[in-house]
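With the hints as constraints, model all of the structure from the sequences given.
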Amino acid sequence: MEKSLVQPIKWIKNIRYKKENNTEVIDKLFSKEIFTVARNFHKKINGYKTTPLKSLPHLAEMLNIGGIYVKDESQRLNLNSFKVLGGTFAIYNYLISSLKLNFEDILLADLKSQIIKKQLGHLKFAAATDGNHGMGIAWASKQLGFESIIYVHKSTTQARINAIKKNGAEVVIVDGTYDEAVKKIFLDSKKNGWQVISDTSWKGYEDIPKWVMQGYTTMLSESQEQFAALGIVKPTHIFIQAGVGALAASVVGYYRQLFGAQSPKFIIVEPTKAKCLYKSAKISDGKVHSDNGDLDTMMAGLACGDPSPLAWEILRDYTDVFMISPDYVAAKGMRVYGIPLSGDPFIVSGESGAVTLGALMFTVGRPEYEQLRSFLNLNSDSKVLLINTEGNTDPNDFRKIVWEGSNPVPEKYRIISKLNK
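The sequence shown maps to residues 1 to 421 in the working numbering.
Some hints could be false.
[Unchecked claim] Taking lysine-lysine pairs in the DSSO-like style, the calculated list, with each CA pair at most 30 Å apart, reads:
1) Lys100 with Lys124
2) Lys282 with Lys13
3) Lys19 with Lys142
[What the hints assert, rightly or not] Cβ-Cβ distance ranges computed for the label pairs, FRET-style:
4) Ser113 with His58: 47 to 55 Å
5) Leu101 with Asn396: 22 to 30 Å
6) Asn377 with Asp294: 16 to 24 Å
7) Lys400 with Glu225: 35 to 43 Å
What the hints contain is simulated information worked out from the structure, not anything from laboratory work. Heads up, the beta-carbon is just placed ideally off N, CA and C, and yes, glycines get one too.
Encoded structure:
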């Protein structure tokens with residue numbers, strides 16, 4: 001089948017779904033107490049403010065959905081991505097753990113002191129990235145006066161590399177994929193004494209990825225406050241994009257902790273060319289499985305072949321649907337965000353940020369997905385939460401898609417009937 005004729009959605013039910021919480025796992029990773037700790041920590045960062053929850057009422061009406069709400073992380077600390085929430089919280093936890101202190105004993109600003117620096121000794125933070133996580137680590141390191149080194153894979157665009165360098169990091173280009181960059185920086189860090197801050201886990205390395213995921217919950221705590229202000233208890237459905245699964249696990253873990261079996265429906269969306277979670281769910285033996293393909297997708301932030309085992313503990317048991325979509329679905333989402341219906345707000349969204357909107361539109365707009373809509377009970381009463389995880393992190397690619405119309409939807413799959421009114 002030609003690339004342009006790849007269907008917009010392939011999906012599977014999660015046959016391992018558990019209605020009741022495994023409280024031991026949920027509490028270990030996502031306790032209610034840690035939500036408060038993470039939020040209070042981020043509030044003390046200079047420049048912190050709650051990012052907007054934007055409603056798209058006219059698009060929701062067109063799609064015959066009760067509401068579409070977008071948590072717009074393109075405005076997070078002027079860094080164009082949510083990733084800094086995880087990186088800062090992980091670095092902070094690592095430092096106070098190294099100093100054998102408690103959260104109540106020290107503020108972020110205290111970590112800049114020369115006395116603290118002397119206790120810690122020479123410290124260099126390291127991370128592998130497709131762009132956004134690395135920029136968050138570089139920014140946090142610079143704020144605290146530490147050095148950082150970031151490994152990027154060979155397909156990382158120059159715009160993303162420049163953004164990382166602008167925040168003071170040394171950047172090394174690895175001749176391979178993101179997953180190969182992760183492996184290489186781990187080995188090089190052992191040789192050089194760097195401290196890896198990764199959002200994916202492996203055997204013997206779980207605390208830092210756990211802290212990263214916990215840091216992401218700040219935006220969910222914000223979202224719940226914003227929903228409450230609208231008189232909404234919780235969304236009914238959440239479409240979540242996924243690479244290694246750290247963000248997705250944060251979303252699922254957060255809501256399962258608060259609402260248990262009454263949680264929203266969780267739909268995990270991955271690129272067709274980077275579908276490690278989908279593959280793991282399809283094999284369904286409870287283990288993680290890698291996607292060994294070329295990971296050739298414009299959704300750079302989601303181009304991951306190896307799932308995070310720590311994230312999989314959550315996603316394996318509580319995800320409702322695993323879904324994959326090709327690049328043109330993300331491109332459609334970018335254009336709809338950028339050229340909204342009259343009265344809906346304008347949103348700048350990058351490729352990885354917009355794929356969930358595209359997936360939602362195809363889910364409700366194409367007749368062949370009636371079974372999916374029925375399974376999810378996605379209807380005129382539904383209130384759907386989407387997370388715009390990034391803005392235009394590569395302005396040139398953004399303009400090619402939104403201005404020039406690259407990656408168009410194949411005519412065969414264009415949404416028809418009620419969506420053309």
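Here is what the structure says about each hint:
1. Lys100 with Lys124: 19 Å, holds
2. Lys282 with Lys13: Given that 30 Å is the threshold and the Cα spacing comes to 9 Å, the pair holds.
3. Lys19 with Lys142: 43 Å, violated
4. Ser113 with His58: 47 to 55 Å: Roughly 52 Å apart at Cβ, these two residues keep to the hinted range, so it holds.
5. Leu101 with Asn396: 22 to 30 Å: Violated, since Leu101 and Asn396 (Cβ atoms, about 44 Å apart) do not stay within the stated range.
6. Asn377 with Asp294: 16 to 24 Å: Between Asn377 and Asp294, where Cβ atoms are some 36 Å apart, the hint is violated.
7. Lys400 with Glu225: 35 to 43 Å: Once the Cβ atoms are compared, 37 Å apart, the range 35 to 43 Å for Glu225 and Lys400 holds.
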